[in-house]
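Sequence lines, in order, name chains A and B. Residues are numbered in my numbering as their position in the first sequence, beginning at 1, plus a constant of 17. Residues are numbered in my numbering as their position in the second sequence, beginning at 1, plus a constant of 498.
Be aware that a few hints might be false.
Unchecked claim - Below, in silico cross-link-like pairs of lysine-lysine (DSBU-like), each with a Cα-Cα straight-line distance of 35 Å or less:
#1 K39(A) with K59(A)
#2 K59(A) with K88(A)
#3 K555(B) with K74(A)
#4 K59(A) with K555(B)
#5 K88(A) with K555(B)
#6 K75(A) with K59(A)
#7 K75(A) with K88(A)
#8 K39(A) with K74(A)
#9 K75(A) with K555(B)
#10 K85(A) with K59(A)
#11 K39(A) with K75(A)
#12 K85(A) with K555(B)
#13 K39(A) with K85(A)
#14 K511(B) with K59(A)
#15 K75(A) with K85(A)
#16 K74(A) with K88(A)
#17 K74(A) with K59(A)
#18 K88(A) with K39(A)
#19 K39(A) with K555(B)
#20 K85(A) with K74(A)
#21 K555(B) with K511(B)
Bear in mind the hints are in silico, worked out from the structure with no lab data behind them.
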Amino acid sequence: GENVEQHPSTLSVQEGDSAVIKCTYSDSASNYFPWYKQELGKRPQLIIDIRSNVGEKKDQRIAVTLNKTAKHFSLHITETQPEDSAVYFCAASIPGSYIPTFGRGTSLIVHP
Amino acid sequence: KAGVTQTPRYLIKTRGQQVTLSCSPISGHRSVSWYQQTPGQGLQFLFEYFSETQRNKGNFPGRFSGRQFSNSRSEMNVSTLELGDSALYLCASSNGQGGYEQYFGPGTRLTVT
Chain A
18 GENVEQHPST LSVQEGDSAV IKCTYSDSAS NYFPWYKQEL GKRPQLIIDI
68 RSNVGEKKDQ RIAVTLNKTA KHFSLHITET QPEDSAVYFC AASIPGSYIP
118 TFGRGTSLIV HP
Chain B
499 KAGVTQTPRY LIKTRGQQVT LSCSPISGHR SVSWYQQTPG QGLQFLFEYF
549 SETQRNKGNF PGRFSGRQFS NSRSEMNVST LELGDSALYL CASSNGQGGY
599 EQYFGPGTRL TVT
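Turn these sequences into a full structure, and let the hints steer you where they fit.
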């Protein structure tokens, strides 16, 4: 089955800095890569996703890049704000598996 | 559309007891997945139901079971509770096809004493 590794487990930045979270996956057949944000005490919510036919996708201050050859994908957050503080989960889906495999999460702390 | 709902939101149980959690998916979604979330352990997949059938299963003991009804609502049961079962239990619904977003419910916080 698919295996997703996520790093770092904790990331501390100053407000205004950029943050990068990296994930690697094991199954080259994976074709869908969502990122979820979970604020303290709340449910995980999708913030951005990318499919294997796209190398990069942006949405305002967040972007995701995908390197299929290296089997890794990353979340980039620019101009971080305190409200970006949360746990971020990456995931990868194999066609036909119906459910994604999640990474263990990254706790992002943005200091004002 | 109404979001995914879970009941109850909080539960306190004693070791050895059993518990049933409920999840109502988004209207039209036929897949419901269950996850256990504990600090530092991320989202541990329990099982997934699609059209009343368990389609995928994680690596949890048989004390953890579930079912899905014809209206796609799902229940999860944990028997003979252990202290280590204390966690946030999340369910997520999707359209049942691979490569599409899962929508999470607010979770049920289970505390076993």
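Here is what the structure says about each hint:
This hinted pair checks out: K39(A) and K59(A) have alpha carbons roughly 23 Å apart, not beyond 35 Å. Proposed proximity of K59(A) and K88(A) is supported: the alpha carbons are some 30 Å apart, at most 35 Å. For a cut-off of 35 Å, the pair hint linking K555(B) to K74(A) stands: about 32 Å separates their Cα positions. This hinted pair checks out: K59(A) and K555(B) have alpha carbons roughly 25 Å apart, not beyond 35 Å.
Distance hint between K88(A) and K555(B) is fulfilled; the C-alpha atoms sit about 25 Å from each other, no more than 35 Å. The straight-line distance between the Cα atoms of K75(A) and K59(A) is roughly 24 Å, inside the 35 Å bound, and the hint therefore holds. At roughly 19 Å between alpha-carbon atoms, K75(A) and K88(A) fall within 35 Å of each other, so this suggested pair holds. For the hint pairing K39(A) with K74(A), the CA-to-CA distance comes to about 15 Å; that is within 35 Å, so the pair holds.
Taking the CA atoms of K75(A) and K555(B), the gap is near 34 Å; set against the 35 Å cutoff, the hint holds. Distance check on the hinted pair: K85(A) and K59(A) sit about 32 Å apart at the alpha-carbon level, within 35 Å; holds. Taking the CA atoms of K39(A) and K75(A), the gap is about 16 Å. The hint holds against a cut of 35 Å. Taking the CA atoms of K85(A) and K555(B), the gap is near 28 Å; set against the 35 Å cutoff, the hint holds.
Restraint check for K39(A) and K85(A): satisfied, since their Cα atoms lie roughly 14 Å apart, inside the 35 Å limit. With a CA separation close to 22 Å, the supplied pair K511(B) and K59(A) stays within the 35 Å bound. About 18 Å separates the Cα atoms of K75(A) and K85(A), which keeps this hinted pair within 35 Å; it holds. Of the supplied pair hints, the one linking K74(A) and K88(A) holds, its CA atoms being roughly 16 Å apart against a limit of 35 Å.
Annotation: proposed proximity of K74(A) to K59(A) holds, straight-line Cα distance about 25 Å (limit 35 Å). With a C-alpha separation of about 11 Å, the suggested pair K88(A) and K39(A) falls inside the 35 Å cut-off, and the hint holds. Taking the CA atoms of K39(A) and K555(B), the gap is about 27 Å. The hint holds against a cut of 35 Å. Among the hinted pairs, K85(A) with K74(A) is consistent with the structure: their alpha-carbon atoms are about 14 Å apart, no more than 35 Å.
A C-alpha spacing of about 25 Å is found between K555(B) and K511(B), which places the hinted pair at or below 35 Å, so the restraint holds.
Checked against the numbered hints given earlier, this structure breaks none of them.
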